[in-house]
Structures are given as C-alpha cells and as structure tokens.
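A.B. asks: What follows is the residue order along each chain.
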Amino acid sequence: MGIEEDKQLILDTLKSKKGKTKFYLKDFNGMFPDRKPRDVKKLVNQMVTEGLLEYWSSGSTTLIGLKGAGKQHDAEDEE
Amino acid sequence: MAKHKTPMLDELEKGKWPSFVSDIKQEAENREKTNVDLQAPKDACSDLLGLLELTYVDKVVHWKHGGIVGVFGYGGGVIGRYCDQPDQFPGVRDFHTIRVNQPSSKFYSTEFLKQLCDLWERRGSGLTNMHGSTGDIILLGTTTPQIEEIFWELTHNLDQDLGGSGSNLRTPSDCIGMGRCEYACYDTMALCYNLTMEYQDELHRPAFPYKFKFKFDGCPNGCVASIARADMSVIGTWRDDIRIDQEAVKGYVGGEFKPNAGAHSGRDWGTFDIQKEVIGLCPTHCMEWDGKKLKIDNKECTRCMHCINVMPRALRIGQDTGASILFGAKAPILEGAQMSTLTVPFMKIEDPYDELNGLIEKVWDYWSEEGKNRERLGEMIQRVGFQKFIEVCELEPDPRMIQEPRSNPYIFWKEEDVPGGWDRDVKEFRKKHQR
Chain A
0 MGIEEDKQLI LDTLKSKKGK TKFYLKDFNG MFPDRKPRDV KKLVNQMVTE
50 GLLEYWSSGS TTLIGLKGAG KQHDAEDEE
Chain B
0 MAKHKTPMLD ELEKGKWPSF VSDIKQEAEN REKTNVDLQA PKDACSDLLG
50 LLELTYVDKV VHWKHGGIVG VFGYGGGVIG RYCDQPDQFP GVRDFHTIRV
100 NQPSSKFYST EFLKQLCDLW ERRGSGLTNM HGSTGDIILL GTTTPQIEEI
150 FWELTHNLDQ DLGGSGSNLR TPSDCIGMGR CEYACYDTMA LCYNLTMEYQ
200 DELHRPAFPY KFKFKFDGCP NGCVASIARA DMSVIGTWRD DIRIDQEAVK
250 GYVGGEFKPN AGAHSGRDWG TFDIQKEVIG LCPTHCMEWD GKKLKIDNKE
300 CTRCMHCINV MPRALRIGQD TGASILFGAK APILEGAQMS TLTVPFMKIE
350 DPYDELNGLI EKVWDYWSEE GKNRERLGEM IQRVGFQKFI EVCELEPDPR
400 MIQEPRSNPY IFWKEEDVPG GWDRDVKEFR KKHQR
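In order, the protein sequences belong to chains A and B.
Note that numbering that gives the first Met the number 0 gives residue 38 to position 39 of the first sequence, counting from 1, and the numbers run on in steps of one.
Note that numbering that gives the first Met the number 0 gives residue 77 to position 78 of the second sequence, counting from 1, and the numbers run on in steps of one.
Read the hints as simulated data drawn from the structure, not as lab findings.
Just so it is clear, the structure is predicted and the values come from calculations on it, not from any experiment.
Incorrect hints may have been included.
To be verified - Chain A regions said to be covered by chain B (calculated; three or more residues, Cβ under 8 Å):
#, segment
1, 10–22
2, 44–53
Unchecked claim - Mimicking SDA-like on lysine to any residue, the simulated pairs with C-alpha atoms at most 25 Å apart in a straight line are:
#, chain 1, residue 1, chain 2, residue 2
3, B, K294, B, G317
4, B, K371, A, G1
5, A, K6, B, E201
6, A, K35, B, Q386
All C-beta atoms, glycine included, are put in the ideal place defined by N, C-alpha and C.
Looking at chain A on its own, in the form it has when it is part of the complex:
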C-alpha cells in the first residue's frame, strides 16, 4: 500500500468510529498489524504536520484525533 492509501485508511477508520474522537497511538498500530510501531508513529506525525490529525494532551497522556473532531475548547455547547 502507498502512503496516500495508508493515510486514507486512517482517516476512514477514524471517521467510522462513532462516539469516539480521540485515540491512543496503539489504536493506529492496530490498523497496521504488520508494521513496526515506529513506522506508524512516523506516518501519524506526518499527518499531524499536514493538519489532517491533531494531538490532544492532558499534560500526562497524549491522544490523537481527526483535526477539528470532538469537543473543542470553545465549542462545547455547539456539539
């Protein structure tokens, strides 16, 4: 699979998850069972840089989601 297809797979999988908008990196590893976690990490980082995904951090734990998905700070009431 090419990089673009991998990215599409990630986007499609995240969009298909109903009611959940933030994911652990391990959830991404699950989408590519044959790849090393380090390669999946690189792909996810690239997608964050491109603005397709975004990090969410509690300070202690980091989650990753689709850019703009889920509760955003100022938009709590608009959901």
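Chain A is fixed; fit chain B onto it per the hints.
C.D. replies: Quick look at chain B alone, frame taken from chain A:
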C-alpha cells in the same frame, strides 16, 4: 488595591513559611505598575488569586485541564489550561503551562535568567516554577496566541527548547556531575545533553504508551534521585577499589580534618569516632580499622557512599568508572511507588554511547509494542516478568539483579538453556540418585 477580596487565601500568608499567595500578590502589584508592554492579561495574577479564592469557597476546581495547544510540529511542551469562570476572571481565561527544557545540571548565567524573566513578564503571567518535579523550567500561565511567540523567542534568543509532556520522553535531567563534584563516575552533563539531542523526536512527538523518564546520577549518592523517579536510572559506579589515603584517615581520626567536610557542624557532636560513625555503619560490614590502617573488602562493598561522604579527603571512588543501569521506577498512581530494578550492573559510559543507545532502543521498541495504554515501563515489567524483560534487553540473568536468593525476581531455566534439554538418561541418573 487588590482586585478581588481573598480572605481565605490571606490565611495562607500567616505562619512562618514562605507563602505562594504573597508571591502571587507581589507579582499582581508589579503588573499594575509596570511600564512593560504586556502581551498577556495585566490581570492574570489578580484573577488567578480571585479564581483560587472561589475554588476554596466552592470546594470545587475551576480549571479545565488539557487540550489542543502546542507549537507547530511539537506534540508536547505545552499543557492547555482554561478557567471555567472566564467572565468573572478574564485574566485567566486561558492560562497554559509551558515546560522549558532546563540546561544540563541547571547551570544558568544571570543574563539568561534575566532574559527568561523578561520574556515571561511580557508574554506570560510572570509566575514561574523553578523547577518542576521532572526538572524543567515551568512557565505558568499564558494565552493561546502567545505560545508560538514564546517558542520563537525561546529558541532564537535564549537558545532553549521546550521540554516534554504527554506520552513522550520527558525532559532528561542529571545531577551536577563533573561540573563540580569529585564523586561523578561519568560525565552526566555530556550524557544528558547527548541523549536529549539524540532523542529529539521521542521528546517532542508523543508516541509511547505513557511518559518515559531518563535521569542521570553521577554516583550512588543519587542527587537527582533517579532510582526513585526515572523509568531508566543511570547511576554512576566503579568496578575497582575505593582509593584510600591512610595518612588522611589518620587525620580524620586525630581531628585534623572535619568529618563530612564540615557539614552538620551546627552543634557539637563530640570527637569523631571512626569505629562508630564509619566502620559500624557500613551496611555490608566490609571495613576494618585497627587503629593504624583502614581496610576495605571491596568485593563486599555495595557503593552506599557513606564512608566516602564522611571522609572525602581520605577515600575516593575507584578509577575504573561507569554506571549501573536500572529500569522501572514510578510514582504511586497504580499499585504503589516502585524503585528501579538493577538491569545492567556495569556499563562504561563514554561518547558515543552506542551501547547505551542500543539498550534504550530495545526497551522502547518492546514497550511500544507490548505496553498497554497508560502503562509505565515498571508496571509492564511487573506484568510480563523480569525474565522476559532481560530477554528483550538481550542480557543474561545475573545474581546482582536479585536482592537475595528466592526474593526478587525468579528466573526459570528454559529447555534450550539446559544441556541435553529436559530429556535425560534415567539409567545414568539412577547411578547417582537412588529411587
């Protein structure tokens, strides 16, 4: 005149201890008077006090923790914090924390500290925490639009980077090491700097199951307490003998030199008694003093450092130095606090640190794959067993890894490790062992 009345906080200014309330009030007053072109709210500190007072009244937290704030390309270093009473306290509407990677061993020039304070007065609340528990410089409270500006100034004018937060490598920290200390068994500053540079990706782009901390102690005195706080603790040690200057030992016994280099001198402890204060306190009883000569049975020494600390002029660390490497310390969020477990009894710590890097990467690769979400390395080692962990590290079991026989950890033989496997010739066996 204070913006908000804070009778409950004022109570915290009473008593003999320094008070953070007084500190915040002082900065709130400064911000009222200053001519600095403030880029963050002038009321940040006074509204912070007002919000805290409200928290005490309501007995409920008014912060919203976490979020999507950060600088471009980084996944850590900024911790989002918002107030849930922004109309009443607009100065702390957003009040994000920034973690800044401290210089190795926390050596600063006054010039640097002035620049840092100027930056934070202008673009933040002016409140800092020097330093946070992990060791970073913590800048408390700024607004979202300021974050990129602060990052630009930090990296361009102060030559300083953000630290780690979230599920990544946290800012590495080290003791003062060879910068000032004769006990340093390796160059902690060089190693701390080198690994910080080597693992920039792991520091800034969160990809671990949870946080991971490196800490570097130059000797077993453990001034950064790596054994209690770091997922990987590197603690300086030596393989040869403690160097003894017998004349200086006599100097201590005769009262010529003050024990502990003159520390604890606030009261009269009586004359120095080497038998009671050094020999008798040796945890492995490996020292002997016959009134003329000090003997140390070095193979029994556990590097507790007590004798060296008491008589630094007479006793010095060995010359074949390196470090012990331990894994798995953590704070008591799950199960309880855990100290690091000795994994590599001795490793030479020399540039380019290939052996250490190899070990780190083996551990990370395994933890990234096998570790559960939010599971610290030490918890994973407990779950999979220490035997599995040393297998991953490609290390042989070593008696030094256990505290005492039948205590921690159990290492079982595997069939491939036993000559001839599990099958045996019963007739041969019966020649020596009757039925």
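A.B. asks: Just to be careful, I want the Cα atoms of A/K6 and B/E201 compared with a cutoff of 25 Å; is the pair within it?
C.D. replies: OK: A/K6 and B/E201 at ~22 Å, within 25 Å.
A.B. asks: Mind checking the alpha carbons of A/K35 and B/Q386 for me, to see if they're no more than 25 Å apart?
C.D. replies: 23 Å, holds
A.B. asks: Between the segment 44–53 of chain A and chain B, are there enough contacts, at least three residues with CB-CB distance under 8 Å, for the coverage claim to hold?
C.D. replies: holds (count 4)
A.B. asks: Under 8 Å between beta-carbons, do enough residues of the segment 10–22 of chain A, three at least, approach chain B for the coverage claim to hold?
C.D. replies: Not satisfied, violated; 0 residues make the cut.
A.B. asks: Given the proposed pairing of B/K294 with B/G317, does the C-alpha separation stay at or below 25 Å?
C.D. replies: 15 Å, holds
A.B. asks: Taking 25 Å as the top limit, are the C-alpha atoms of B/K371 and A/G1 close enough?
C.D. replies: 29 Å, violated
Going through the hint list in order, the structure does not satisfy hints 1 and 4.
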